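> Protein chains in written order, with our numbering: chain H, 2 to 225; chain G, 2 to 225.
Each hint should be verified, as a subset may be incorrect.
No copy labels: a pair is met if it fits in one copy or bridges any two.
Said to hold, decoys possible - In silico DSSO-like cross-links for lysine-lysine, where the CA-CA straight-line distance does not exceed 27 Å: (1) K106 <-> K79; (2) K211 <-> K41; (3) K3 <-> K20; (4) K12 <-> K172.
No lab work stands behind these hints: they were computed from the structure. None of these values were measured; they are calculated from a predicted model.
There are 2 protein chains.
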Amino acid sequence: MKEFTIIPVAKIKNGYKEKFGIPRQSGLAPQVKSEIIFEKDFRDENLIRDIEQYSHLWLIWGFTENNGEWSPTVRPPKLGGNKRVGVFATRSPYRPNSLGLSVVKLEEIRKSEDGRILVVSGADLLNGTPIFDIKPYLPYVDAIPEANGGFSEEFKNDILKVSIPDEIKNKLNSEDINEITSILELNPKPQYQSDEERIYGLSYKNFEIKFRCSEKEITVIEIE
Amino acid sequence: MKEFTIIPVAKIKNGYKEKFGIPRQSGLAPQVKSEIIFEKDFRDENLIRDIEQYSHLWLIWGFTENNGEWSPTVRPPKLGGNKRVGVFATRSPYRPNSLGLSVVKLEEIRKSEDGRILVVSGADLLNGTPIFDIKPYLPYVDAIPEANGGFSEEFKNDILKVSIPDEIKNKLNSEDINEITSILELNPKPQYQSDEERIYGLSYKNFEIKFRCSEKEITVIEIE
Numbered sequence: 002m003k004e005f006t007i008i009p010v011a012k013i014k015n016g017y018k019e020k021f022g023i024p025r026q027s028g029l030a031p032q033v034k035s036e037i038i039f040e041k042d043f044r045d046e047n048l049i050r051d052i053e054q055y056s057h058l059w060l061i062w063g064f065t066e067n068n069g070e071w072s073p074t075v076r077p078p079k080l081g082g083n084k085r086v087g088v089f090a091t092r093s094p095y096r097p098n099s100l101g102l103s104v105v106k107l108e109e110i111r112k113s114e115d116g117r118i119l120v121v122s123g124a125d126l127l128n129g130t131p132i133f134d135i136k137p138y139l140p141y142v143d144a145i146p147e148a149n150g151g152f153s154e155e156f157k158n159d160i161l162k163v164s165i166p167d168e169i170k171n172k173l174n175s176e177d178i179n180e181i182t183s184i185l186e187l188n189p190k191p192q193y194q195s196d197e198e199r200i201y202g203l204s205y206k207n208f209e210i211k212f213r214c215s216e217k218e219i220t221v222i223e224i225e
Numbered sequence: 002m003k004e005f006t007i008i009p010v011a012k013i014k015n016g017y018k019e020k021f022g023i024p025r026q027s028g029l030a031p032q033v034k035s036e037i038i039f040e041k042d043f044r045d046e047n048l049i050r051d052i053e054q055y056s057h058l059w060l061i062w063g064f065t066e067n068n069g070e071w072s073p074t075v076r077p078p079k080l081g082g083n084k085r086v087g088v089f090a091t092r093s094p095y096r097p098n099s100l101g102l103s104v105v106k107l108e109e110i111r112k113s114e115d116g117r118i119l120v121v122s123g124a125d126l127l128n129g130t131p132i133f134d135i136k137p138y139l140p141y142v143d144a145i146p147e148a149n150g151g152f153s154e155e156f157k158n159d160i161l162k163v164s165i166p167d168e169i170k171n172k173l174n175s176e177d178i179n180e181i182t183s184i185l186e187l188n189p190k191p192q193y194q195s196d197e198e199r200i201y202g203l204s205y206k207n208f209e210i211k212f213r214c215s216e217k218e219i220t221v222i223e224i225e
């Protein structure tokens with residue numbers, strides 16, 4: 002079968018140090034900022050000329066955590082991990098070609114020693130993820146609010162209350178508190194886990210966050 | 002630089018026999034149907050289990066007409082072919098990695114001797130184009146109607162009147178007339194061409210379509 006070769010044009014830099022805790026889709030944690038840093042061969046400023054006219058961008062990128070493994074059916078975590086659906090009926094990472102697709106909000110274009118970087122929000126990419134393409138989001142073709150979202154629809158408002166004790170909050174700046182809250186409220190723990198006493202650990206930026214999770218609420222125990 | 006290898010999981014089959022006349026984005030000619038035919042290694046029905054729960058699908062595919070050529074800036078035809086913008090600020094085919102992104106409507110899943118095929122509408126892919134990934138469209142993350150569409154916004158309703166003389170219509174079935182009309186009304190001719198006497202030729206399905214084009218109207222002269 003004919004093979005095609007693609008190369009990263011950029012990589013993402015953000016606080017998502019591990020897969021656990023990354024929102025399951027883009028846009029769900031809009032408080033979280035990421036930087037798109039172009040690879041050396043793609044730092045010519047002309048490549049992004051006029052990109053600031055667009056508020057949102059598509060990223061086509063590579064899942065790197067799955068080592069290329071995939072299976073014909075997957076068990077979406079949102080369905081409790083029991084029901085199997087076809088891989089092409091999901092956005093699962095465990096798919097042929099390991100390609101990811103995410104829409105992000107373009108916040109700023111910043112000069113840096115690595116050339117111009119795009120500061121975006123809402124990305125659901127692990128730190129260091131290779132990006133193969135960046136395209137403008139065209140609402141007149143890409144926005145189809147009336148589309149039928151299948152089984153994913155039922156879970157879109159699954160937001161938990163997040164409690165962070167004052168003595169922990171006082172050690173953090175407000176941006177970090179906002180980002181951590183927006184990640185935890187999406188309920189990162191596996192759906193099949195229901196032990197309210199269990200302590201989960203999540204790495205974000207340079208923080209190690211420990212928390213418990215009940216049906217409606219996440220309680221932070223420690224952030225180091 | 003690290004290279005990644007991707008392989009086609011499917012290819013598209015439709016009436017777009019040449020680049021000229023293909024709508025510039027997906028969804029613009031919703032009357033046009035295409036078939037997604039899976040490659041032999043991806044014909045296991047499990048791969049598309051429950052996909053019918055979604056009304057729309059994303060296709061990530063490969064531009065094959067450009068021979069991998071790209072340039073840092075491109076001149077979008079919609080801007081008259083004069084203004085240069087960065088390749089990442091356009092959906093131009095002439096881009097690094099030659100990846101295309103299109104949303105299509107899932108019309109039907111059909112059994113065939115090539116396994117199950119997905120019948121979709123609104124595709125803007127040339128016949129035979131390799132498809133690398135198929136993902137469900139998730140309106141709660143993918144639909145951002147309020148996104149700012151930059152310079153593409155101004156041109157979204159650029160629809161022409163299409164006149165097909167009765168003696169030509171009488172030789173065609175209504176489906177073909179609808180498809181041909183929906184392609185021509187999008188004004189396939191280059192924006193910088195303004196010669197109203199010029200006759201353009203377009204291949205679609207097994208038809209050779211000849212037409213003239215004024216500022217507001219397309220007049221079909223011959224369909225063979």
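> Since the copies are identical, ignore which copy is meant and state whether K106 and K79 lie within 27 Å (CA to CA) inside a copy, between copies, both or neither.
both (24 Å within a copy, 24 Å between copies)
> Reference check for the pair K211 and K41, CA-CA at most 27 Å: within, between, both, or neither?
So K211 and K41 fail the 27 Å test inside a copy (38 Å) and across (47 Å) alike.
> What label fits K3 with K20 when the C-alpha limit is 27 Å: within, between, both, or neither?
between (32 Å within a copy, 22 Å between copies)
> Up to 27 Å between alpha-carbons, please classify K12 paired with K172: within, between, both or neither.
Neither: 31 Å inside a copy, 55 Å across copies.
Figure legend: structure checked against the earlier numbered hints; hints not met, in rising order: 2, 4.
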